[in-house]
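**Q** One letter stands for each residue in the lines below.
2 protein chains.
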Amino acid sequence: MSEPVSVSKAAALLRSSDNILILTHHYPDGDTLGSGFALCYALRALGKNAGVNCSDSIPDKYGFLYSNIGLAPDFEPDFICAVDTADVKLLGEKLSIYADDIDLCIDHHASNTRFADSLLLIPEYAATAMIIAEVIREMGVVIDLNMATGIYTGIATDTGCFKYSNTTSYTLRMAADMLDLGVNSEIINRAMFDVKSRARVELEKLALESIRFYLNDRCAIMRIMVDMIEKSGAGEDDLEGLAPLSRQIEGVYVGVTMREKTDGSFKVSVRTGNHANASAICAKLGGGGHVRAAGCTIDGPADRAVETVLEAVEAVIG
Amino acid sequence: MSEPVSVSKAAALLRSSDNILILTHHYPDGDTLGSGFALCYALRALGKNAGVNCSDSIPDKYGFLYSNIGLAPDFEPDFICAVDTADVKLLGEKLSIYADDIDLCIDHHASNTRFADSLLLIPEYAATAMIIAEVIREMGVVIDLNMATGIYTGIATDTGCFKYSNTTSYTLRMAADMLDLGVNSEIINRAMFDVKSRARVELEKLALESIRFYLNDRCAIMRIMVDMIEKSGAGEDDLEGLAPLSRQIEGVYVGVTMREKTDGSFKVSVRTGNHANASAICAKLGGGGHVRAAGCTIDGPADRAVETVLEAVEAVIG
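Here the protein sequences line up with chains A and B, keeping their order. Just so you know, we're using the working numbering here: the first sequence kicks off at 1 and counts up by one. Just so you know, we're using the working numbering here: the second sequence kicks off at 1 and counts up by one.
Please note that the accuracy of each hint is not assured.
It does not matter which identical chain is meant; a pair holds if it fits inside one copy or across any two.
As the list claims (entries may be wrong) - Within a straight-line C-alpha distance of at most 25 Å, the following computed DMTMM-like cross-link-like pairs (lysine to aspartate or glutamate) qualify:
1) LYS196 / GLU314
2) LYS89 / ASP56
3) LYS9 / GLU138
4) LYS48 / GLU134
5) LYS196 / ASP217
6) LYS231 / ASP299
7) LYS9 / ASP103
8) LYS205 / GLU250
9) LYS231 / ASP217
10) LYS9 / ASP78
11) LYS231 / ASP60
12) LYS61 / GLU250
13) LYS267 / GLU134
14) LYS61 / ASP217
15) LYS267 / ASP60
16) LYS205 / ASP227
17) LYS231 / ASP194
18) LYS205 / GLU240
19) LYS231 / GLU250
20) LYS61 / ASP237
21) LYS94 / ASP56
22) LYS267 / GLU230
23) LYS205 / ASP29
24) LYS205 / ASP237
Just so you know, the hints here were simulated from the structure itself, not pulled from any lab data.
With the rest of the complex left out, here is chain A (with noise of 0.2 Å):
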């Protein structure tokens, strides 16, 4: 069990150690790379060791946050920080030797199962990389481009570019802050969220042709299968943020998306507006998340899992 900390407190730790590893969860988004290069750079600032280590590769498309930094640590660390990372389980394999080590964790996931020494969770802040941005103001460091440039890529990436109900004035105003640092938000979100590989459309194509509809139409169900992806030729990266389409659809309530792994079971991703609780949804399912976007993973074949997801969208919406 952890002890909640304050961003001051936190930033005291930090300010206290000398060699700093910062992990960052497996399939790593913008959020925890963000913060994760931003805490880094900081920490340089500060004369410090840093480095970032996350179990998966890093897709390309986030080099920008440490092309001035670089990757691989070389130092034997006296401090482990984790960032956006709700659970331990979510370092995934290659991180998981450092499981039981974990001295701090910076993160805005209600559902943080407070697995670190020390805990500074602020789930009002639409992304971690705000907290990270206090935290670095707080230790005395100047946000510089470099660090500006991993906080707006953390706060445009979780707000799905201010789009979301998580997008607070003071999220605005922040990323206001980064711009006037510098930050070229174009280019930023035009990896982020514009860029398509061809593989991509072509897979998009084919999950929007699976999209079948239940429960009086409010949930959509959108399926993400492995022939599908081999077909379309698409890679990890094609693969993120298709959760969105199923429940962008008029009069869906639970936008869901199963994606088969090749061990056959599902990797579910449950999408909400105003109506639903997706948190619960997954909850009833072992899993967990916010309360508009939500996932767990549920065993196959694909309908079955569709039943059991459906049950647990019926007991939530009724």
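Let chain A serve as the given structure and place chain B on it in line with the hints.
**A** Leaving out everything else, chain B in the frame of chain A:
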């Protein structure tokens, strides 16, 4: 030729009139409507007669912009103000009766043809709604939730929800101010960007299938043919916002969407990244617009229209 006026002069002109008709452009979007209704609410707050008119019927999804004010102005105007309208032709057929009588135009399109007696033009602003906010404040009106809703909607629409390069820190801070006034950005953004009818989803599938690549894959052309629209069951509302789809593909500098009209001509929308000037391309085809987003109309048949477009694109990107 218009007299250029400042925000304070435009505010003074509006304050000195008592019966003000506000005109939007045809095929109305969130910026022209958000600007028009925000201004209308402000003028009514000053005790004036004010109303908004549009040549086309206003799509249902914009109903929230005027739910507290209603449509159909029923007074004799003594002052006519066009908003977000770059050319008198864009007023459309019904409003063309006012073409020679526009007292003031408030706009952010650099290509404005200066058709109004007075022109308040700020091309640096992402949205006309941002100018409207300044005019409202300058008139001495405190922005309320109704006005803030229109202003936010205009800004969100014309920045692609803060994604495009026209988004500055001032843009984000003005949007933040509107959230502080109680704007529900999630509901607006869902209506503007996320909700798709089933017919729209069907049309997107067909549109994605129609994409072909040219000029060493730097140009992608998507065709929206009349028979595709019929097959999908899409209505006019469902046709908005398809243009960015072709530009999103990796390596594409110029994304072109060609929509067949019932007379066999094509409405062409050009979207570019930082490698090409959409306005320059469309200028060669008798159209115009912004650097990253522009449009024109050209004759069919489709294959000839594609050739015409490609000649213009090649002339600009080389």
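**Q** List, from low to high, the hint numbers that the structure doesn't satisfy.
**A** 13
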